[in-house]
Amino acid sequence: MKKLRKYAVIARVSLKNAVAYKASLFSRFVFYTVFIYVFVMLWRAIYKEGSVNGYSYAQLIWYLIFTEYIGFCCGTGIFSTMNEDVKSGAIAYLIGRPAHYVFYQFANSLGLLLLNLCACGLLAAVLGLVFAGPLPGFHISVLPPLLLSVALAVVINFFFLMLIGLSSFVMEDNGALFFIYQKLTFMLGMFLPVEFLPSWLQPVAKSLPFSYVYWAPSRLFVDYSPALFRALIPRQALWAAVSVVLVLLCYRGSVRRLQLNGG
Amino acid sequence: MKAIETKDLGKTYRARVKAEGLAASFRALVRPQWISVDAVRGISLNVEQGEMLAFIGPNGAGKSTFIKMLCGILYPTAGELSVLGLSPARERRKLAMRIGTVFGQKSQLWLHLPAVDSFTLLAAIYEIDNAECRRRVAELTELFGLGEFLHTPVRKLSLGQRIRCEVAASLLHEPELLFLDEPTIGLDVVVKQAIRELIARRNREHGTTVFLTSHDPADIEQLCRRAVVIDHGGIVLDASVERLKSDYLGKKLIDVRFGTPQRIPALPGVTVSSESGGQKATLTVDTAVRPIGDVMERLSMTGNVLDITINNPPMEDIIAAIFQKEAVR
Amino acid sequence: MKKHLKIAACLFRLNLASALEYRSSFLTQAFGMALSNSSFIFFWWIAFQQLGGYIAGYSFQDVLFIWATTSSAFGLANVLFANAANVTKLIVSGELDAYLLQPCNVLVNVLCARTSLSAYGDLAYGFILMGLAYHDTAAAWLWFFVGVLLGSLLFSAVTLTAHTLSFYWGDASMIGQLTTEFVINFSIYPDKIYGPAVRALMYSLLPIGLAIHVPLRLFRAFSPLTALAALGASLLYCVLAGVFFSRGLRRYESGNIMATRL
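Protein chains in written order, with UniProt numbering: chain D, 1 to 263; chain V, 1 to 329; chain U, 1 to 262.
One chain only, chain D, in its complex shape (with noise of 0.2 Å):
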């Protein structure tokens, strides 16, 4: 119990410390609106040309709001601040506090996170109700299912994120694999739900990772269904597990290879 509090105390300590930075809030809400603003305007070309597989237009906006909401939320640079923490060898002197590194960063980065998700939460609702109206079919009794499948999603991707960043012990430069990530989580549900690809692909998509992190939570929300949300919380569940376990067996093989051979 005693352990718990000291990871809350450290997001508070984060969301305190993101609050002040309001600087950064104005400009993302900003980036935000334009990229909305750009999507909706070519969706609704697209939409002048025929309709696309299953989603209405109302439905299409809201999801890409949705996906890029998440996006924006999970903006908290863990890359990076692991690759530096990681070249510069300041996980070394990380490693000996009395906090588990991995779970001090993933504390670190719920502040940043938790006022994303409030404050784009409100933006996002604004322009979609702007953009494309109220969405069809929504109910407000949705939102905890949907809370927890994007809780999920935060998860997934920070802690392949997290992954990602400790491959820099053995690798020089890990730039690469940070792209390919991103880009296959963008292909694979930021940009398209995952209903769109070609019907060879879809199978392909839903039995990787990345399709959990933006086309699920969205999936649900546009298109909420009981039977949706058992189809689809286990298999974000289990890669949730997967990357967390993933993350807690390398970062133990990592130090203890610190260990033996230095910074």
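Hints are not guaranteed to be accurate.
[Said to hold, decoys possible] As a list, the in silico BS3-like pairs of lysine-lysine whose alpha-carbon atoms are at most 30 Å apart:
# : chain 1 : residue 1 : chain 2 : residue 2
1 : V       : LYS156    : U       : LYS6
2 : U       : LYS2      : D       : LYS16
3 : U       : LYS192    : V       : LYS106
4 : V       : LYS156    : U       : LYS89
5 : V       : LYS106    : U       : LYS2
6 : V       : LYS245    : V       : LYS325
7 : V       : LYS94     : U       : LYS6
8 : U       : LYS192    : D       : LYS48
9 : U       : LYS6      : V       : LYS106
None of these hints come from the bench; they were simulated from the model.
Chain D is already provided as a structure; the job is to place chains V and U on it using the hints.
Only chains V and U this time, still in chain D's reference frame:
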């Protein structure tokens, strides 16, 4: 023609004031509020060609604003100035051909490349043709002893090696006037001495005018014959370094450590403060009254000295002393 | 003029040499950019697979053309003039001093002082895309080259203009970033998806449309008048951007401006 000539030179900044808070930010956007800050107020200064001048003042005194006006970076808001017969801000490029600058930690070298590559770029910028450039680089390499690290990326050099390259780079176009802003900061004693000798030699052999700011009294003592002290944007003192030395730089600090506690007898011209029950002491010696050798002799006669160092008082103390005395006049 | 070309060439050489000091990082960044661009092409491929034909008047081939031109133009701009995006920082922190101390044109010296590693990937990507989509169409290549040259100038000029505002308003870095984001988004989608106000913007104040969409139209149907007008307007814009910068430079306070965030 004088190297530098200014008359009632002044610079007033308009600074935007902004209250805290988002609402205030928006108000400031619509109707900004300005305040005036006088950084330099009416400085009149003449510097002869070939002179080595020390320009001293506490941080925020207006030193860098004044220098930036001399270099043509800033437009003055009042008064007249001429540097090497040119109007700096209006004839910036012409002037830049003839002056050299070493500004403290701001490097003109490319960090990831060997210094020789930066020299090539500077040659293009200062319109030095290839043959001439090779000749000058060879000369500076010889003079500054750059040979062993001329082809090593600058980031791998020690600070001393880097400053040597830095000064060499500022001399590549053979400037008539050299601005040095804290050229020896952060260097160890031996390297400091080497840099000073190089500057002095340049002045001797090429007649280069040197305009130096430094917080190290030794730089000023060893290089310059004249010192100008400024504060609050105006000149407080313009005097020979000789006078500065006798009036303000004449004091030396002796730190001494004894094996057993000692009582140091009172001497005219020496003030003593003891610590650790007499095992450590700091002596402030006025060398005009009592030669330093005399004091050293007496100390060594106690026969118990473990360690002894002689220092200059810090620049801040000297400036404070000048202000005290000049304010009374 | 000749002197400044020499300086620019020398800066380019030193930048490249600096970049090659970190070869693996250089390759990763270039590769990363190419990959990032591919994800957009993937998007368009899916979109045209679903709908076929035209989206906002552009075929898949057209989209490939604007993508190739944008990518290479943006890449070339940042291979040569990456420092344009850095101008606010130079102004606010007083780093412009170093350029003012040298006896050459400040704008040339500033713009050429830095390169971007990832930009090499962008530059190459446009050529790869053209090779795949238009390998046997000489006219397309001609307009591609025109677009890349004009586009790189306009990208830099627009970025420079936005950051030059820092001379007048204090820290304009956000306006600068936003402008860059705007012009990229104007370039990589069919221009007709935007409303008339935004489209007016992309042919006037932020005239990147002249270098991307106009060459595409000229390739589809040549019109000498349009070509000349676009060329003239682009060059005029660049000259004005330079003049605006020089005017602003007179207000430079060497880091003594109290920075206000905008």
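Structure-based check of each hint:
1. V/LYS156 / U/LYS6: holds (28 Å)
2. U/LYS2 / D/LYS16: With Cα atoms ~55 Å apart, U/LYS2 and D/LYS16 exceed 30 Å; violated.
3. U/LYS192 / V/LYS106: violated (49 Å)
4. V/LYS156 / U/LYS89: The given pair, whose Cα atoms are some 26 Å apart, holds under the 30 Å limit.
5. V/LYS106 / U/LYS2: Holds - the C-alpha atoms of U/LYS2 and V/LYS106 are around 29 Å apart, at most 30 Å.
6. V/LYS245 / V/LYS325: Distance of about 14 Å is within 30 Å: holds.
7. V/LYS94 / U/LYS6: Answer holds: V/LYS94 to U/LYS6 is near 19 Å, not above 30 Å.
8. U/LYS192 / D/LYS48: holds (12 Å)
9. U/LYS6 / V/LYS106: holds (24 Å)
Violated hints for the displayed structure, listed by number in ascending order: 2 and 3.
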